[in-house]
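Undergrad: Turn these sequences into a full structure, and let the hints steer you where they fit.
Number of protein chains: 2
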Amino acid sequence: MKLLEERIRKDGLVKEGNVLKVDSFLNHQMDIELFNEMGKEWKRLFSNVEINKILTIEASGIAIAAVAAQYFDAKVVFAKKSKSVNLDGSVYQAKVQSFTHGNVSDVIVSKKFLGPEDKVLIIDDFLARGCALEGLIKIVHESGATLQGIGIAIEKGFQEGGKKIRNMGVRLESLAIIESMDAASGEIVFGK
Amino acid sequence: MKLLEERIRKDGLVKEGNVLKVDSFLNHQMDIELFNEMGKEWKRLFSNVEINKILTIEASGIAIAAVAAQYFDAKVVFAKKSKSVNLDGSVYQAKVQSFTHGNVSDVIVSKKFLGPEDKVLIIDDFLARGCALEGLIKIVHESGATLQGIGIAIEKGFQEGGKKIRNMGVRLESLAIIESMDAASGEIVFGK
Numbered sequence: 001m002k003l004l005e006e007r008i009r010k011d012g013l014v015k016e017g018n019v020l021k022v023d024s025f026l027n028h029q030m031d032i033e034l035f036n037e038m039g040k041e042w043k044r045l046f047s048n049v050e051i052n053k054i055l056t057i058e059a060s061g062i063a064i065a066a067v068a069a070q071y072f073d074a075k076v077v078f079a080k081k082s083k084s085v086n087l088d089g090s091v092y093q094a095k096v097q098s099f100t101h102g103n104v105s106d107v108i109v110s111k112k113f114l115g116p117e118d119k120v121l122i123i124d125d126f127l128a129r130g131c132a133l134e135g136l137i138k139i140v141h142e143s144g145a146t147l148q149g150i151g152i153a154i155e156k157g158f159q160e161g162g163k164k165i166r167n168m169g170v171r172l173e174s175l176a177i178i179e180s181m182d183a184a185s186g187e188i189v190f191g192k
Numbered sequence: 001m002k003l004l005e006e007r008i009r010k011d012g013l014v015k016e017g018n019v020l021k022v023d024s025f026l027n028h029q030m031d032i033e034l035f036n037e038m039g040k041e042w043k044r045l046f047s048n049v050e051i052n053k054i055l056t057i058e059a060s061g062i063a064i065a066a067v068a069a070q071y072f073d074a075k076v077v078f079a080k081k082s083k084s085v086n087l088d089g090s091v092y093q094a095k096v097q098s099f100t101h102g103n104v105s106d107v108i109v110s111k112k113f114l115g116p117e118d119k120v121l122i123i124d125d126f127l128a129r130g131c132a133l134e135g136l137i138k139i140v141h142e143s144g145a146t147l148q149g150i151g152i153a154i155e156k157g158f159q160e161g162g163k164k165i166r167n168m169g170v171r172l173e174s175l176a177i178i179e180s181m182d183a184a185s186g187e188i189v190f191g192k
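Protein sequences appear in the order of chains A and B.
Using our numbering, the final residue of the first sequence is 192, and nothing's skipped along the way.
Using our numbering, the final residue of the second sequence is 192, and nothing's skipped along the way.
A few of these clues could be false.
[What the hints assert, rightly or not] Pairwise CB distance ranges, derived in the manner of DEER restraints:
| # | chain 1 | residue 1 | chain 2 | residue 2 | range |
| --- | --- | --- | --- | --- | --- |
| 1 | B | ASP106 | A | LYS15 | 20 to 30 Å |
| 2 | B | GLU160 | A | GLY169 | 47 to 57 Å |
| 3 | A | GLU33 | B | LYS10 | 51 to 61 Å |
| 4 | B | ASP73 | A | GLU179 | 27 to 37 Å |
| 5 | B | VAL49 | A | GLU6 | 31 to 41 Å |
| 6 | A | MET168 | B | GLY144 | 47 to 57 Å |
No wet-lab data here; the hints were simulated from the structure.
None of the values given here were measured: they were computed from a predicted structure.
All residues carry an ideal CB built from backbone N, CA and C; glycine is no exception.
TA: Encoded structure:
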């Protein structure tokens, strides 16, 4: 998606350790107009499949999923990263390692909000090693829902997550795929 | 706001310990159409003030703020609950006690995304004791930004948060104010 690639080039910052900072428009300060364009693009890409539920994970996937949901006739469910006292005991659960924070979280979704009747699109901001997605996919499978596809804003194409997910036979649509990036020069090369 | 009150009556569950579960439409599964109506209502209520930034806090405020932002010409910034390695050292910080989780978090906002030029509307899902709001207000004041008001989805009117915030002279617009609720009967009484 040209608009997102241009925005990453303009406002993204490449840091040492394969870190791409997009916190001025994607995951701390958020440009909701851009999210609307991303939502339209996912709708175009997934126009031929039925989707009634969008699943994401806190925190930075939530706004993107919520805005994108407006282009589908879908409710949004976000997986929570720790057990809240407000949740019933009846949850789907997966362990997820965070690339950014370097820790392992329990990720949970209430069984009330995901079941065999659901046609699910997973949406998240980043795909790197794919740990968060693997957790969400496990939860979708456990619930008996149908996974219709995954929409990612930025995929780090030089890490293994995208390949892993596509090899599972899951349809994955990343709006920007970074083939390589260089912290010294700031250069970003997009793929596909 | 009638629509929200009716929805709380229909789908909200009153639990022991002053807990109101609205996780089927507000803070786990999310009804984005409802959030759009809430956004319109806040726009109506704050139509006479300039707002260029909406500040919220992860996780359950994010979707509401993102959808509401579409009715303002505003970017959204969400305060993060723990220090991410992806953030620069340069942050505003506040300590916030969580009613739901019973712990204290460091809440941070990058200094890049809040400053004296900003006219801020704070949006969050719940107001009970007001701890999260106090943290966000402290951050807005520290940044030199102008706090134009606060929009809350559900205020627990029988707890002290609303009074505390209004006594600070901050304009607070809660879309539903619960005067009392009873876990045994499930009855909810709305105020104002």
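Undergrad: Would you list, in rising numerical order, the hints stated earlier that this structure does not obey?
TA: 3
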